[in-house]
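One-letter residues, chain by chain:
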Amino acid sequence: MADFFIITNNEMVRDKYASQVTVEFHPVKYTEIMRMARDYIHAGHKLLTHPLAGSIKPNETPYKTIFLTKSKKTMDSESLRIIEECIIACKKFGKERFPNMPENMRQDFRTIDCSLCDNAMASAMQ
Amino acid sequence: MKLELGYVNIHDIQFADQSKVEAGVLYVCKEDIKNLVLEDENIKSVELEIAKPGDSIRIMPVKDVIEPRCKVEGPGDIFPGVISKVDTVGSGKTNVLRGSAVVTTGKIVAFQEGIIDMSGEGAKYTPFSQTNNLVVVIEPVDGLHQHEHEKAVRFAGLKTAKFLGDLAKNVTPDETEVFETYGVKEGMEKMPNLPRVAYVQMLQSQGLMHDTYVYGVDAKRTLSTIMNPTEGMDGAILSGNCVSACDKNTTYHHLNNPVVKDLFAQHGKTLNFVGMILTNENVYLADKQRSSDWTAKLCRWLDLDGAVVSQEGFGNPDTDLIMNCKKIEEQGVKTVIITDEYAGQDGKSQSLADADPKADAVVTGGNANMVIHLPKMDKVIGYPEVANIIAGGHEGSLNADGSIDAELQVITGATNELGFNKLSAR
Numbered sequence: 001m002a003d004f005f006i007i008t009n010n011e012m013v014r015d016k017y018a019s020q021v022t023v024e025f026h027p028v029k030y031t032e033i034m035r036m037a038r039d040y041i042h043a044g045h046k047l048l049t050h051p052l053a054g055s056i057k058p059n060e061t062p063y064k065t066i067f068l069t070k071s072k073k074t075m076d077s078e079s080l081r082i083i084e085e086c087i088i089a090c091k092k093f094g095k096e097r098f099p100n101m102p103e104n105m106r107q108d109f110r111t112i113d114c115s116l117c118d119n120a121m122a123s124a125m126q
Numbered sequence: 001m002k003l004e005l006g007y008v009n010i011h012d013i014q015f016a017d018q019s020k021v022e023a024g025v026l027y028v029c030k031e032d033i034k035n036l037v038l039e040d041e042n043i044k045s046v047e048l049e050i051a052k053p054g055d056s057i058r059i060m061p062v063k064d065v066i067e068p069r070c071k072v073e074g075p076g077d078i079f080p081g082v083i084s085k086v087d088t089v090g091s092g093k094t095n096v097l098r099g100s101a102v103v104t105t106g107k108i109v110a111f112q113e114g115i116i117d118m119s120g121e122g123a124k125y126t127p128f129s130q131t132n133n134l135v136v137v138i139e140p141v142d143g144l145h146q147h148e149h150e151k152a153v154r155f156a157g158l159k160t161a162k163f164l165g166d167l168a169k170n171v172t173p174d175e176t177e178v179f180e181t182y183g184v185k186e187g188m189e190k191m192p193n194l195p196r197v198a199y200v201q202m203l204q205s206q207g208l209m210h211d212t213y214v215y216g217v218d219a220k221r222t223l224s225t226i227m228n229p230t231e232g233m234d235g236a237i238l239s240g241n242c243v244s245a246c247d248k249n250t251t252y253h254h255l256n257n258p259v260v261k262d263l264f265a266q267h268g269k270t271l272n273f274v275g276m277i278l279t280n281e282n283v284y285l286a287d288k289q290r291s292s293d294w295t296a297k298l299c300r301w302l303d304l305d306g307a308v309v310s311q312e313g314f315g316n317p318d319t320d321l322i323m324n325c326k327k328i329e330e331q332g333v334k335t336v337i338i339t340d341e342y343a344g345q346d347g348k349s350q351s352l353a354d355a356d357p358k359a360d361a362v363v364t365g366g367n368a369n370m371v372i373h374l375p376k377m378d379k380v381i382g383y384p385e386v387a388n389i390i391a392g393g394h395e396g397s398l399n400a401d402g403s404i405d406a407e408l409q410v411i412t413g414a415t416n417e418l419g420f421n422k423l424s425a426r
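These protein sequence lines map, in sequence, to chains C and U.
Residue 27 in my numbering sits at position 27 of the first sequence, and the numbers go up by one each step.
Residue 13 in my numbering sits at position 13 of the second sequence, and the numbers go up by one each step.
I should point out that these hints are in silico values taken from the structure, not numbers from a laboratory.
Treat the hints with caution; some may be incorrect.
[What the hints assert, rightly or not] Residues on chain U that point at chain C, a partial pick, calculated with CB under 7 Å:
{"no.": "1", "residue": "Phe155"}
{"no.": "2", "residue": "Met191"}
{"no.": "3", "residue": "Asn193"}
{"no.": "4", "residue": "Pro195"}
[Said to hold, decoys possible] The calculated lysine-lysine pairs, modelled on PhoX-like cross-linking and capped at a C-alpha distance of 25 Å, are:
{"no.": "5", "chain 1": "U", "residue 1": "Lys334", "chain 2": "U", "residue 2": "Lys358"}
{"no.": "6", "chain 1": "U", "residue 1": "Lys2", "chain 2": "U", "residue 2": "Lys30"}
{"no.": "7", "chain 1": "C", "residue 1": "Lys95", "chain 2": "U", "residue 2": "Lys348"}
{"no.": "8", "chain 1": "C", "residue 1": "Lys16", "chain 2": "U", "residue 2": "Lys30"}
{"no.": "9", "chain 1": "U", "residue 1": "Lys376", "chain 2": "U", "residue 2": "Lys52"}
{"no.": "10", "chain 1": "C", "residue 1": "Lys91", "chain 2": "U", "residue 2": "Lys348"}
{"no.": "11", "chain 1": "C", "residue 1": "Lys95", "chain 2": "C", "residue 2": "Lys29"}
{"no.": "12", "chain 1": "U", "residue 1": "Lys185", "chain 2": "U", "residue 2": "Lys52"}
{"no.": "13", "chain 1": "C", "residue 1": "Lys16", "chain 2": "C", "residue 2": "Lys73"}
{"no.": "14", "chain 1": "U", "residue 1": "Lys376", "chain 2": "U", "residue 2": "Lys107"}
{"no.": "15", "chain 1": "C", "residue 1": "Lys92", "chain 2": "U", "residue 2": "Lys297"}
{"no.": "16", "chain 1": "U", "residue 1": "Lys185", "chain 2": "U", "residue 2": "Lys2"}
Ideal placement from N, C-alpha and C gives every residue a C-beta, glycine not left out.
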């Protein structure tokens with residue numbers, strides 16, 4: 001069994017990968033997924049994907065997917081450094097740009113986030 | 001490897017009954033292009049428009065910009081491994097339709113971006129307000145998946161540019177320029193006292209609408225590798241990157257990479273331009289580690305004294321940039337990195353999502369969060385309504401009078417991280 005799990009707020013990622021790997025789905029905001037990942041890192045899980053994967057800005061896409069190790073060790077300082085930098089980066093973008101996003105736009109953001117996830121899966125399953 | 005670029009200056013573009021290049025004018029027969037683009041069964045329709053410098057025209061959303069070129073002498077052909085067969089390019093002679101460009105536009109996803117204004121305030125921020133543009137507006141067949149749609153638009157642009165480039169095959173260039181690099185031993189013998197410098201180009205490689213192709217290979221599935229800089233001038237690197245308009249490298253940028261050009265300008269004078277190292281920007285952290293390890297290893301192996309490292313994109317690639325910088329410096333090779341900044345609308349926030357004390361020589365393309373006002377244009381080519389759902393825009397970005405209030409990041413090429421842009425602190 002692969003030593004990683006996924007946390008996401010993207011139902012497309014959940015539906016695609018939940019049968020293959022552990023997927024924790026939380027219908028929360030982008031920044032909340034970041035904070036949850038940081039909590040896991042504090043608990044000793046290691047970051048496997050970059051939290052700011054994708055060039056779409058944090059206040060534009062509602063979706064975020066992050067891979068972490070399932071196993072826990074002593075806290076990985078590099079993982080913590082990266083997630084903290086990314087949380088700071090998110091803050092400077094300010095409030096959500098598109099609070100009333102139409103469903104077709106949401107679907108496209110889900111698709112792009114899922115594509116980033118596909119590429120992480122290809123590396124994680126090697 | 002030695003390449004001669006022959007610049008055929010294009011000062012005007014017009015629709016005509018016959019496609020040709022004559023006396024500096026690019027004549028385009030619409031039917032020629034339509035027939036070519038519609039060979040792809042995934043494309044339902046194609047419209048062609050012309051946008052010239054000074055026109056009151058806004059093009060949006062822009063997917064790619066491509067300069068027409070053609071191979072006149074030497075092995076291979078333009079865009080190898082994609083439009084032409086795989087063959088090593090970068091030597092012989094290539095003609096360039098300088099002053100012209102193909103611009104592709106299409107609604108691949110509901111969320112869109114990329115504005116080129118041909119006049120007014122916006123024109124100051126994009127180099128493509130200065131080119132004579134053939135705009136290819138592509139409508140896909142109904143229900144086409146985003147991956148196939150992106151590919152269809154990408155290929156339509158490349159095929160169009162190749163077609164136009166070939167029109168200049170027998171045209172005598174207005175000006176020529178020769179670029180030459182040497183093998184390791186030969187270069188050291190020719191320039192024994194000059195510092196050995198390479199260019200490390202990081203390629204966007206994260207997924208759908210975030211990809212780059214090298215000789216047709218998806219960059220995310222490669223190890224860092226070495227390339228002759230002249231290969232890029234023949235289209236060895238192609239953009240499949242439709243996200244983050246301000247700091248993405250279009251195919252035009254890859255063909256006209258200013259880092260390459262400036263290093264060549266100093267080649268044999270103040271430095272020995274050894275070559276290029278291509279590396280990627282994947283989402284998986286172990287991939288980043290592998291690629292940056294490999295890049296640093298190649299820098300050492302080439303016995304470099306210095307390396308210029310350019311990034312593409314925001315956030316995730318900041319980490320690749322810093323990993324590359326740190327590891328190359330640890331090999332005893334001095335680095336200069338090129339990036340852009342997301343420093344907030346007031347310019348006071350931390351610019352990058354990663355940092356290290358070894359990154360002590362940095363060139364910036366500017367702050368992408370800066371707010372700009374783009375006046376109404378008489379004509380919009382593409383899809384004007386996307387201004388409200390554009391990167392750097394927001395609900396309400398598109399004003400009733402047709403003007404747009406948004407961040408600089410909406411403009412194609414505004415903060416380009418190769419330095420191919422208009423912003424300067426000088």
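### Query
Of the hints given before, which are not true for this structure?
1, 2, 3, 4, 6, 8, 12, 13, 15
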